[in-house]
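These protein sequence lines map, in sequence, to chains A and B.
Numbers 122 to 432, taken from my numbering, label the letters of the first sequence in order.
Numbers 25 to 293, taken from my numbering, label the letters of the second sequence in order.
Since the hints were made in silico from the structure, they are not lab data.
Every residue, glycine too, gets a C-beta built ideally from N, C-alpha and C.
Incorrect hints may have been included.
[Unchecked claim] DSS-like, lysine-lysine: derived pairs with alpha carbons at most 25 angstroms apart:
#1 B/Lys41 <-> A/Lys378
#2 B/Lys275 <-> B/Lys53
#3 B/Lys41 <-> B/Lys54
#4 B/Lys41 <-> A/Lys379
#5 B/Lys41 <-> B/Lys53
#6 A/Lys401 <-> B/Lys249
#7 B/Lys46 <-> B/Lys32
[To be verified] Some chain B residues near chain A, calculated using beta-carbon distances under 10 angstroms:
#8 Asn117
#9 Gln137
#10 Glu173
#11 Phe206
#12 Ile208
#13 Glu209
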Amino acid sequence: MQSRIPSYLLQSGNENFQPGNTKRSKLSFLDRTILNSANAVKSIYLQGENGAKDGLIQKINPHIKLISLIYMAVVISFVNEVTSQIILTIFIFSGYLVARLKILEVYRKIFFLAFIFGFLVVFPASLNVISPGKIIFNLISFNKPSHFWIYNIPENVGFTENGIKVVTLIFLRVLNSVSFAFLVVYTTPFPSFIKSFKIIGVPDTFLMIITLAYKFIFILSRTIEETYFALKSRLNGNIRDSALRKLISGRVFFIFKKAATIYENTYFAMVSRGYNGSVKLHSQYHFNLMDFVALTIVFAVGLIVLLFYPA
Amino acid sequence: MDEIISLKKVDYSYYGKIPALKNINLSVKKGEMFSIIGLNGSGKSTLLHLINALIFPDAGEVLFDGNNLTERSLKDESFGLNFRQRMGYIFQNPDIQLFCPTVFDELLFGPLQLNLPLEIAHERAEQTLSYLSIGYLRDRPVYMLSGGEKKRVAIASVLTMNPDVLLVDEPLSSLDPKTQTFFIELLLELNHAGKTIVFTTHQLDLIEHLQPRVAVLSDEHTIQKTGTASEILNDEELLISVNLIHEHIHKHGGEEHKHFHSHYVFHKH
């Protein structure tokens, strides 16, 4: 039998290839961007699953958790006392203990968000430039007061008691809001959490769209990751920026086309099973004693901080 | 047996330019096992889409139980519901078929859309989970399933509607041998239970296993021949002309040789 295999395939080694230079691979930025975003998506997706394994909080009906989340968001924003916010912080932290979550891992994320949005952004408010009052820690002294843009800069600039209280309060508000939201998200599988929105009258069609969007994020993130691996396996990194941009934009278009095809076929699959414009999702409305106990505890703590530590 | 599906002189093209099906005439009887075979791109899936009234022909008629399937006729709520309940479609790619939050929601979707009372829908879903041995997947999100599990759930999601006709696009695609066997036995069992099964494939071994009546689609998107499984499988000339068997190299022990070869039916030396 005569072989039609090209002659170069019959030789081993690739002597004609020029050795690459020692510059760092340009694909490294792709490594970080694509893999980090893919990992972020995967971690969001897995957190609900991991959280749903055991623990008391996990067993609470998602509807109760959603009501509690809304109630606590209101309580946290109404409470103007640092002591009350600290009580709420301790209460939420005890929730994490009961849920048997990986506390260090979760709180690292919570503190990061609270630091950015609850501290860094409002930090200048602790200075007497923004919050007038008695200085408790002097930072800098000028010869005379001055005026800059809309601010009056006093002779002595420092932290005021009122300013520190404002910043602490905002920091605790953000910390409590984020940690309670994370507690609910980490202890509820995503599908159950989405379906729980039925209790506040969110239409089934809207919930279905969220579910589909969520699902496609994972399908597409997998596609992006696999495309990236295919790219990486064939490129050694020594590629011009313009060529790389062209390659990536081509892939973006491919993924867009793929998403459009998936959407169209999913629509067909829905029509084939009787979809005619409105979706009927079933949601579990059976509550047990533990659900009512949990709801009572959350309401009681909220009332205590509102009534006994008023602003 | 009465005719349940009938296509008369059906033409279909994508965007009015790319022909997908030309002058298709076929009929499927109630309780029959029927297969459409052909290469990739010959129009098999498009044909199933037409039978399921997801798309409509450029010319010709598609009839279900004597009723013409048109956009207008399906807008009649009573007819539309009845048609969707009586015909289930298992897509080739289960990823697109599974769109609900959990497996159990997936099984309830069809019955609830078709206005089945919740208690009955629940009962059916539980029974189907048990029948297909997927009870352990009940509350799992659909995107957390393996390929074989997704396929089982896709089948279950259609079975809960209790359709008279099951359309199955490439039943064995991307399945491991164990799941393939499970699927083949399931199709046979459902057919024995009185369901009409219409499936597409390019795997001749599946025709050998299920012995359906067969329509052969050519590369020119026309039906080349319709006949029993043995009539089609023994027509070597036909299968060569539609490229379902072809000349290729293979080995027998230490001997390597090349000739027209179908792995399951033809093997003349």
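TODO: Just pull the numbers of the violated hints for me, sorted ascending.
DONE: Hint check: 2, 3, 5, 6, 10, 11, 12 and 13 fail, others pass.
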